[in-house]
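Using the hints provided, position chain A with the ligands relative to the given structure of chain H.
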Amino acid sequence: MTSIIEVKDLTKKFGSFEAVKGVSFEVEEGGIFAFLGPNGAGKSTTIKMLTTLLHPSAGSLRVNGFDPRTDADAVRRSFGIVFQDPSLDDDLTAFENLEFHGILYGVPKETRTKRIDELLALVELSDRRDSFVRDFSGGMKRRLEIARGLLHHPKIIFLDEPTLGLDPQTRNHLWSYVEKLNAEEGITIFFTTHYMEEADKVAKKIAVIDHGTIIATGSGAELKAQTNTDSLENAFLALTGSEIREEASGGLDHMREARRMWSGNRK
Amino acid sequence: MGGIYVMWKREVLRFLRSPSRIAGSLGQPLLFLVALGYGLGPVFRAAGQGNYLDFLAPGIIGMAIIFTSIFNGMQIIWDRQFGFLKETMVAPVSRLAIMFGRTLGGATVAAAQGALVLIMAVLIGFRPVSWAGIAPALVVMLLVALLFSAVGITVASKLRDMQGFHLIMNLLVMPLFFLSGALFPLSSAPQALLLIARFDPLSYGVDALRYFLTGSAAFGLGLDLLILCAVSAFFLWLGALFFSQIEV
Ligand SMILES: Nc1ncnc2c1ncn2[C@@H]1O[C@H](COP(=O)(O)OP(=O)(O)O)[C@@H](O)[C@H]1O
Ligand SMILES: [Mg+2]
Numbered sequence: 001m002t003s004i005i006e007v008k009d010l011t012k013k014f015g016s017f018e019a020v021k022g023v024s025f026e027v028e029e030g031g032i033f034a035f036l037g038p039n040g041a042g043k044s045t046t047i048k049m050l051t052t053l054l055h056p057s058a059g060s061l062r063v064n065g066f067d068p069r070t071d072a073d074a075v076r077r078s079f080g081i082v083f084q085d086p087s088l089d090d091d092l093t094a095f096e097n098l099e100f101h102g103i104l105y106g107v108p109k110e111t112r113t114k115r116i117d118e119l120l121a122l123v124e125l126s127d128r129r130d131s132f133v134r135d136f137s138g139g140m141k142r143r144l145e146i147a148r149g150l151l152h153h154p155k156i157i158f159l160d161e162p163t164l165g166l167d168p169q170t171r172n173h174l175w176s177y178v179e180k181l182n183a184e185e186g187i188t189i190f191f192t193t194h195y196m197e198e199a200d201k202v203a204k205k206i207a208v209i210d211h212g213t214i215i216a217t218g219s220g221a222e223l224k225a226q227t228n229t230d231s232l233e234n235a236f237l238a239l240t241g242s243e244i245r246e247e248a249s250g251g252l253d254h255m256r257e258a259r260r261m262w263s264g265n266r267k
Numbered sequence: 001m002g003g004i005y006v007m008w009k010r011e012v013l014r015f016l017r018s019p020s021r022i023a024g025s026l027g028q029p030l031l032f033l034v035a036l037g038y039g040l041g042p043v044f045r046a047a048g049q050g051n052y053l054d055f056l057a058p059g060i061i062g063m064a065i066i067f068t069s070i071f072n073g074m075q076i077i078w079d080r081q082f083g084f085l086k087e088t089m090v091a092p093v094s095r096l097a098i099m100f101g102r103t104l105g106g107a108t109v110a111a112a113q114g115a116l117v118l119i120m121a122v123l124i125g126f127r128p129v130s131w132a133g134i135a136p137a138l139v140v141m142l143l144v145a146l147l148f149s150a151v152g153i154t155v156a157s158k159l160r161d162m163q164g165f166h167l168i169m170n171l172l173v174m175p176l177f178f179l180s181g182a183l184f185p186l187s188s189a190p191q192a193l194l195l196i197a198r199f200d201p202l203s204y205g206v207d208a209l210r211y212f213l214t215g216s217a218a219f220g221l222g223l224d225l226l227i228l229c230a231v232s233a234f235f236l237w238l239g240a241l242f243f244s245q246i247e248v
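So the protein lines, in turn, are chains H and A.
Following my numbering, the numbering of the first sequence begins with 1 at its first residue and continues without gaps.
Following my numbering, the numbering of the second sequence begins with 1 at its first residue and continues without gaps.
Isolated chain H (complex conformation) (with noise of 0.2 Å):
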């Protein structure tokens, strides 16, 4: 099997905090790969190295042959993503969010529009073609979100905690969803979570990550015989211990806040 993604002692530092210490994996082509780690412990770093949007302090990187730092355009379309915090126009409809990024990654007019249409019907969103995204519930959001990341026939997608506040049915969906693209598409699928069943469940091979440096990686069955737990949340504690990390807070409220002072009504 040939690897999409090869990493080698990739380092990203912010000011003299070291983020990623020189992680190294490979991700096999058509495959499903699952980042694990807690909060803080650079998964979402090392995806945006992964994904042109930070430049690397060090290492090197190859996503589907390519190199994100010289070649940045041919790896951003190998790939679609679903980023850990929502990246729709909430002011824009289902539909304009997707052909906005169908024109942005010079999709034509024609298979566009009937691929937007399979899309949404795939995510069970097409009666919600005309609605704007802002009255859409989370999961609703997610759901479009994996649409938007697919509408260009990715050969990667990234999926940064794609299940975070949904429901067990949505969960549930989502992942069968994800696992039939990779069976009948050959789509890798490269995933970070917080539920462990689910990456029990759906992944192929599993990094750990924890402080910045992978800790360990293997099948989840692999995982549990080399920490000798019955669970994959048994072997993840057991691997990153039980000390709780603290997650980085935005300024969310606030921006809401200084935006409708100076929009008038806008959300």
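The hints are simulated quantities; they were obtained by calculation from the structure and are not laboratory data.
Where is the CB? At the ideal position from N, CA and C, for every residue including glycine.
Be aware that one or more of the hints could be misleading.
Said to hold, decoys possible - Not close to chain A: a few residues of chain H, all C-beta gaps over 10 Å, as computed:
#1 D127
#2 P168
#3 E222
Stated by the list, open to error - Taking lysine to aspartate or glutamate pairs in the DMTMM-like style, the calculated list, with each CA pair at most 20 Å apart, reads:
#4 H:K13 / A:E247
#5 H:K155 / H:E6
#6 H:K180 / H:E124
#7 A:K9 / H:D90
#8 H:K155 / H:E26
#9 H:K8 / H:E18
#10 H:K204 / H:D230
#11 H:K201 / H:E222
#12 A:K9 / H:E96
#13 H:K180 / H:E118
#14 A:K9 / H:D91
#15 A:K9 / H:D130
Unchecked claim - Restraint-style ranges between C-beta atoms, simulated for each label pair:
#16 H:H194 / A:L16: 37 to 43 Å
#17 H:E197 / A:K158: 41 to 47 Å
#18 H:E197 / A:L167: 46 to 52 Å
#19 H:A58 / A:K158: 23 to 29 Å
#20 H:S131 / A:L96: 31 to 37 Å
The following block gives chain A with the ligands in isolation, referenced to the frame of chain H:
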């Protein structure tokens, strides 16, 4: 091309879809036109300066444009916080195209706001010297809007949060407006004030608007256009540079 179009269209759609926002941002210019235009009119006339509403209208159009375009440019801060910026940053489109599309969209919207203020001014008694001056005045509005949208994007590319935004609104936009000669004639202003106004690009925008709408300009149309074009080009370049350096 697709990138420029999409970013432009997004700005225009947002504008068209929020009638209350349009109405809201016309309130302030209307207040200035009525309170100052009518209130100071007699004093202005007594001082032998002519009709104050006629003098004031181009200045208030400039005000609407600078506020709207800088505000639109600063949308980047919200797009960064609310995540949409990331969606554009991972797209296989040059950052230059994204930045340029945003600037054009913001400028289109701000110029439209300026045109609405012009209509409003006419409704309350402003009379342009000639109707033929309207078309070139609209072009000037677009140019001024382009300039300050680029300024907004340049500044916003370096800011991360709302504190910075308030700071810019109060420390940059307010002085730019009040010191531009939008409210008072530069020809009779004290030397020091005139000197400051000469470093304020909005002065030249308002001056060019006065040239087409009232028939008189303090600096002259040639200098106005030269400065507006040069400063726009500079901020488009600087904004593109800063925007390309954003890490999300
Ligand atoms: N832009 C940034 N500037 C400074 N520190 C950051 C930045 N982004 C992330 N970090 C820090 O890097 C560490 C890893 O963050 P992240 O990759 O988001 O973790 P995870 O996704 O695993 O929860 C955290 O300590 C976080 O606070
Ligand atoms: Mg994360």
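Outcome of the hint check:
1. No Cβ of chain A comes within 10 Å of the Cβ of H:D127; the nearest lies about 21 Å off, and the non-interface call holds.
2. Taking the minimum C-beta to C-beta distance to chain A, about 25 Å, the non-interface status of H:P168 holds against the 10 Å cut.
3. At roughly 32 Å from the closest C-beta of chain A, the C-beta of H:E222 stays outside 10 Å, upholding its exclusion from the interface.
4. Under the criterion of a C-alpha separation no larger than 20 Å, the hint pairing H:K13 with A:E247 is consistent with the structure, at around 13 Å.
5. For the given pair, H:K155 sits about 15 Å from H:E6 by alpha-carbon distance, which is consistent with the 20 Å threshold.
6. For a cut-off of 20 Å, the pair hint linking H:K180 to H:E124 stands: about 15 Å separates their Cα positions.
7. Distance restraint check for A:K9 and H:D90: the Cα-Cα separation of roughly 15 Å lies within the 20 Å cut-off, and the hinted pair is therefore satisfied.
8. A hinted pair counts as satisfied when its Cα atoms are at most 20 Å apart, and H:K155 with H:E26 qualifies at roughly 15 Å.
9. A distance of roughly 16 Å separates the Cα atoms of H:K8 and H:E18; the hinted pair therefore holds under the 20 Å criterion.
10. Among the hinted pairs, H:K204 with H:D230 is consistent with the structure: their alpha-carbon atoms are about 18 Å apart, no more than 20 Å.
11. With a C-alpha separation of about 14 Å, the suggested pairing of H:K201 with H:E222 holds against the 20 Å cut-off.
12. Straight-line distance between C-alpha atoms of A:K9 and H:E96 comes to about 11 Å, which keeps the hinted pair within the 20 Å bound.
13. Distance check on the hinted pair: H:K180 and H:E118 sit about 15 Å apart at the alpha-carbon level, within 20 Å; holds.
14. Simply put, A:K9 and H:D91 have alpha-carbon atoms about 13 Å apart, close enough for the 20 Å limit, and the pair holds.
15. Distance restraint check for A:K9 and H:D130: the Cα-Cα separation of roughly 17 Å lies within the 20 Å cut-off, and the hinted pair is therefore satisfied.
16. Restraint check, H:H194 to A:L16: a C-beta distance of roughly 41 Å satisfies the suggested window 37 to 43 Å.
17. Taking 41 to 47 Å as the suggested C-beta distance range, the pair H:E197 and A:K158 conforms, at roughly 44 Å.
18. The hinted range of 46 to 52 Å is satisfied by H:E197 and A:L167, whose Cβ atoms lie roughly 47 Å apart.
19. The hinted window of 23 to 29 Å between H:A58 and A:K158 holds, with their beta carbons roughly 26 Å apart.
20. Against the hinted window of 31 to 37 Å, the Cβ-Cβ separation of H:S131 and A:L96 comes to about 33 Å, which satisfies the hint.
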